[in-house]
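So the number in our numbering is just where the residue sits in the sequence shown, counting from 1, plus 567.
Read the hints as simulated data drawn from the structure, not as lab findings. We put the beta carbon where it would ideally sit given N, CA and C, even for glycine. You may find that some hints are simply not true.
Estimated spans, in silico, between C-beta atoms of each pair [said to hold, decoys possible]: (1) GLY709 x VAL654: 45 to 53 Å; (2) LEU676 x LEU715: 41 to 49 Å; (3) ASN602 x PHE653: 31 to 39 Å; (4) LEU645 x CYS707: 32 to 40 Å; (5) LEU569 x LYS658: 15 to 23 Å; (6) ASN668 x ILE736: 27 to 35 Å; (7) LEU729 x ILE663: 13 to 21 Å; (8) ILE576 x THR733: 20 to 28 Å.
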Amino acid sequence: MLGMWLIFILMIWFVRFFAAYDSRYMNEKYYYINNSILRVLLIDKSNYFEKTDRRKKDINKISIVGIVLYIYAAISALLAVLSYIFVPKRKVETWIIETENSSISLDTLNECSAACFLFLFFALLFFCIGIRVFQYAKICNGKFAKILFYTFSVAICIISALVFVTIIIEGRY
Numbered sequence: 568m569l570g571m572w573l574i575f576i577l578m579i580w581f582v583r584f585f586a587a588y589d590s591r592y593m594n595e596k597y598y599y600i601n602n603s604i605l606r607v608l609l610i611d612k613s614n615y616f617e618k619t620d621r622r623k624k625d626i627n628k629i630s631i632v633g634i635v636l637y638i639y640a641a642i643s644a645l646l647a648v649l650s651y652i653f654v655p656k657r658k659v660e661t662w663i664i665e666t667e668n669s670s671i672s673l674d675t676l677n678e679c680s681a682a683c684f685l686f687l688f689f690a691l692l693f694f695c696i697g698i699r700v701f702q703y704a705k706i707c708n709g710k711f712a713k714i715l716f717y718t719f720s721v722a723i724c725i726i727s728a729l730v731f732v733t734i735i736i737e738g739r740y
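Using the sequences plus the hints, can you model the full thing?
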């Protein structure tokens, strides 16, 4: 279960790159962060797609989607901790999450329910990343690059939706 929490912390750090507002390809609402410490914690100063610093006029702006991701991450973490504490530690069929170097094995109901909350956050995060890639594709130069970005974003959104549905279906049993 420790591995799940480490991945969760990594995903929170990853949100920083996609929470920032960029006026070149985003038409959504944003919130202006006046506190410099809070800004450094919540949004990255570089443009993730182009490896350059963001525009001066956008440096203190966080998108509403970024705020929603941070709030959902906090709720997911809270629900995971509460389910780990209050859900019975009854044995269930082992749920093994394999990676290249190791595997995470969950065999009690409280561990599985806590992991479900964290995986739902992962699915939402990757769906939002797919949306950001789709938005960014609008300003790309070249037809091949646009097609590649559009295809990649649609694939990410479909995969994250399938992961979400799978977790919901598995969580019923």
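Hints versus structure:
1. GLY709 x VAL654: 45 to 53 Å: holds (51 Å)
2. LEU676 x LEU715: 41 to 49 Å: For LEU676 and LEU715 the Cβ distance comes to about 43 Å; the hint holds.
3. ASN602 x PHE653: 31 to 39 Å: holds (35 Å)
4. LEU645 x CYS707: 32 to 40 Å: holds (38 Å)
5. LEU569 x LYS658: 15 to 23 Å: holds (20 Å)
6. ASN668 x ILE736: 27 to 35 Å: For ILE736 against ASN668, whose Cβ atoms are near 28 Å apart, the range 27 to 35 Å holds.
7. LEU729 x ILE663: 13 to 21 Å: The hinted range 13 to 21 Å holds for LEU729 and ILE663, with Cβ atoms some 19 Å apart.
8. ILE576 x THR733: 20 to 28 Å: holds (23 Å)
The structure shown violates none of the earlier numbered hints.
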